[in-house]
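**Q** Each chain is listed here by its residues.
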Amino acid sequence: MAEAATATGVVCRETLDARVAGSPAWLADRRTAAWDAFSAMPAPSSSRDEDWRRTDIAKLHLDRFAAAGTPARELVELAQSRHATALPGAALVLCGPDGGVTVENAESLLAQGVIVSSLEEAAERHPDLVQRGLSGIGIGESYFVAMWNALWRGGVFIHVPAGMQAVAPVWIAHLAAGDEQASFPATLVVLDDHASLTLVEDLVGPADPAPRLSVAVTAFQLGEDARLDDIPVQQLPPETWHFSTRRANCGTSAHYRLFGATLGARLQKAYWDVILEGRGSEADVFAVCFADAHQHIDHQSLQLHRGPDTRSNLLLKVAARDHAQSVYGGLIDVLPGAIHADGYVVNRNLLLSQGASASGVPRLEIKANDVRCGHGTTVGHVDDEERFYLMARGIPADDAERLVVRGYFADVLDRVPLETTREWLLALVDAEIGDGGGGGLDADEVAP
Amino acid sequence: MTVQAHELTKDYKFGFHDVDVSVFRTEKGISPEVVAAISDHKQEPAWMLKFRLKALEHFFKRPMPNWGADLSGINFDNIYYYIKPVDEMGRSWDDVPDSIRNTFDRLGIPAAEQKFLAGVSAQYDSEVVYHSIRDDLSKLGVLFSDCDTGLREHEELFKRYFGTVIPPNDNKFAALNSAVWSGGSFVYVPKGVRVDIPLQAYFRINSDNMGQFERTLIIADEGSYVHYIEGCTAPTYSNDSLHAAVVEIIAEKGAHVRYTTIQNWSDNVYNLVTKRAIAKEDATIEWIDGNLGSKVTMKYPSIYLMGERAHGEVLSAAFAGNGQHQDAGSKCIHVAPNTTSNVVSRSISKGTGRTSYRGHIRVLPKATNVKANVRCDALLLDEESRSDTYPYMDIENPDVTFGHEASVSKVGEDQIFYLQSRGIDEVQATALIVNGFFEPFVKELPMEYAVELNRLLALSMEGSIG
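Protein chains in written order, with the working numbering: chain A, 15 to 462; chain B, 110 to 575.
In short, the hints are calculated from the structure, not lab data. Be careful, since some hints might not be right.
In the DMTMM-like style, the derived pairs of lysine to aspartate or glutamate whose C-alpha atoms are separated by at most 25 Å in a straight line are [claimed, not checked]:
#1 404/B / 486/B
#2 281/B / 153/B
#3 281/B / 336/A
#4 381/A / 153/B
#5 381/A / 535/B
#6 300/B / 417/B
#7 381/A / 523/B
#8 480/B / 400/A
#9 475/B / 336/A
#10 73/A / 503/B
#11 381/A / 376/B
#12 475/B / 399/A
#13 480/B / 336/A
Listed next, the stretches of chain B that the computed footprint assigns to chain A, with coverage defined by at least 3 CB atoms under 8 Å from CB atoms of chain A [as the list claims (entries may be wrong)]:
#14 485-497
#15 506-518
Every residue, glycine too, gets a C-beta built ideally from N, C-alpha and C.
Okay, chain A solo, but in the shape it has when bound (with noise of 0.2 Å):
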């Protein structure tokens, strides 16, 4: 069902008038008053916002950007075949840009009471659940998240009731919009006490160079003892602005790890925050990145301790080729009351070429004393050294490169839990790097 184009592009009154209309009085309300926070904020500004500072947006122009359209047949086949690929075992989603949504291969779940559905259709049946799913993320938070909460549509709803451990992964596909398109991506997931989950989120779309939006919100609701392993892959068309927040809200003793891989995306402003309310609750993040050409790639992390005897633990391992830019921007902060907190953030940068550029604030801020925290940042290169004894052993420059990204991206890839996914990633990291290298002997590189 496509929605008719105006002058003003697809972030309008009227496209909100329109979800508002096939929206339950509740959710209406809420897109309404999103709305309205929305259309009263500025855009965030590199001069005005703290976490903005070095990640310019001024180029944005949302007018650009019409309702996306029924996703082409081919990308629907490269999604599908990603997920057979990687994890063919797991539940397929795929949430076309339009709203459109099928689910797949979940028969297993369903049968055990597990909800797998579309967001807006869990948001008519299942209200009560879908609104504790909604309940951390702010209705008027920030510029972006205020946008996706008027406007967002389809997405993927997932309930896991009390003590069930989900018996397949759930594979999510965000298809991305077509050319100077919006897409907005949404994942709720709640997980009731002693309940687990396994979950990839694949943001994919061609590799044309045609400009998109898009604007994503993934939620978790994590009860007592929950269990949730969360595998996001960020590989959207070359020039996509990219702005995400992805929450986890953790409860008592519960346990949410990430495992992620950023590689696409013009520009990224991705917010990656763990809520350690809950005794006892732990979270760890592990995610690498590679950036080349102009990618401009900006994570923001946010390891709160609400909790006591709460730990978290964040190593976000950066590669950036060319003239990427990365920014990084993490915030360890622990409340009052949150004693026996243990909190770490390690944000480690390879900067591979002249033009390619890493800065960061990996921040603190504790308010109680009985703590551990710590930080770290690095940035390195590859040593000259390095790439000597390589190609002093008959391995190409940029087969040289590669193994040296791939070695430094190991210490996370090879913490992803399960097979099949993990090598499916190095696969597509490895691709990622190849890109432009070009590979193969030149003349008077030949080995001896």
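Fit chain B to the known structure of chain A by using the hints.
**A** Positioned in the frame of chain A, the structure of chain B alone reads:
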């Protein structure tokens, strides 16, 4: 272990103050007239008055910083911007008026001088009242005077460097200082001269509602070495005081400058200081920076590594007790290739105290083969204490080795237990651990400073264990 904060019941150690004996002071508040009066009173050249008035415009134009510490308590209209306490410079110690001498005696300055100090230049309110430098250094061509004298007697040299490291529009408080500056030190070390005993100055604020705006300019010519020490203590007063100093250092090719400061302003002082150094080819700059006093400190000693192989070191320690906020840190800007920098920061928060480390490491595109390292650790003593770390880094060159590490923890129960099991009581044990935590800082201080710091720490720790 229960660790609880108690208000220090003792009076502030240096909280005595003398009857005001000032001979000249401007009206409260700031205006072009006040600035002109200061300049006129000092009989300055016209270019300096122009510089001051221009700076005042910048000060009026710039907004208050909207980050860092809470500065809402500052009322610029309720401050005296210039007070001259005595008619002329004291030539020798005997000429200094008794009341002022008493103050310094209680800080132990003459005793320190007797030992090994090269020169003493103690600032009492705005003008340097006592100044001396050992003859042998004068013979080598070393200049060490207050900044006003530097301008008067070496105008050409002064003008060449003054305001070049920190321009008057750098920030609101540097602009204010540029408009109303008075006193501070002027140091020039000629080519190849090694001053192997530290040059030392004490600064104090005495009058109520007195802002102090000293200006220090240190020029180390090619291949020279100098260690400059500045210590601050201030008497307690009921109204808030403002201290906005500017310190500029230029290390020419191959020069080595070490700047040591420990500030112990009373806990009603806003200490908003701009300190910056330029290191040319093969030069070394070291900031040894201790922050114990003041209500609010915002101070980020900076090093611009402009020449190849220049090296920068920042070693800082901060202690924040009840109601204090120490927002301190460092900046190292790598402009040239093969430059290196190292930052070590230690901070302790006690009671409702808050320490923040705020740092910036920047590597510009042309700066290849840079090595930079930042290490900051914080210790929290009480449940209400707070510690923040804001380390900014911007790396625009791939050929760099950069590392940053930070940790925040409390005094370990096992450490206390270990010491207690050896018959040391809990108060002493905590003091020992605190001393050990500051050790990397303390060991870089000259002996009597180390002793004084340990005394101050012991005083700050009193009553900290419930």
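**Q** Does residue 153/B lie within 25 Å of residue 281/B when you go C-alpha to C-alpha?
**A** Holds: residue 281/B and residue 153/B sit about 23 Å apart, inside 25 Å.
**Q** Does residue 336/A lie within 25 Å of residue 475/B when you go C-alpha to C-alpha?
**A** Judged against 25 Å, a Cα distance of about 16 Å means the pair holds.
**Q** How about the region 485-497 of chain B: do at least three of its residues have a C-beta closer than 8 Å to a C-beta of chain A?
**A** holds (count 10)
**Q** For a C-alpha distance cap of 25 Å, please report whether residue 404/B and residue 486/B respect it.
**A** Measuring from Cα to Cα gives roughly 22 Å; hence the hint holds.
**Q** Does residue 503/B sit within 25 Å of residue 73/A, going by the straight-line distance between their CA atoms?
**A** 22 Å, holds
**Q** Assess, step by step, whether the Cα of residue 381/A is no farther than 25 Å from the Cα of residue 523/B, and give holds or violated.
**A** 22 Å, holds
**Q** Is the straight-line distance between the alpha-carbon of residue 381/A and that of residue 376/B 25 Å or less?
**A** This hinted pair holds, its Cα atoms lying about 22 Å apart.
**Q** Given the hint that residue 480/B pairs with residue 400/A, test it: the Cα-Cα distance must not exceed 25 Å.
**A** 18 Å, holds
**Q** Is the hinted pair residue 381/A and residue 153/B satisfied, with a Cα-Cα distance of at most 25 Å?
**A** 50 Å, violated
**Q** Need the status of pair residue 475/B, residue 399/A: alpha-carbon distance at most 25 Å?
**A** Status holds; Cα separation ~22 Å.
**Q** Run the distance test for residue 381/A versus residue 535/B: straight-line Cα separation, threshold 25 Å.
**A** 24 Å, holds
**Q** Would the hint linking residue 281/B and residue 336/A be met if the CA-CA limit is 25 Å?
**A** Between residue 281/B and residue 336/A the Cα gap is close to 39 Å, so the pair fails against 25 Å, i.e. violated.
Of the hints listed earlier, those the structure fails to meet are numbers 3 and 4, in rising order.
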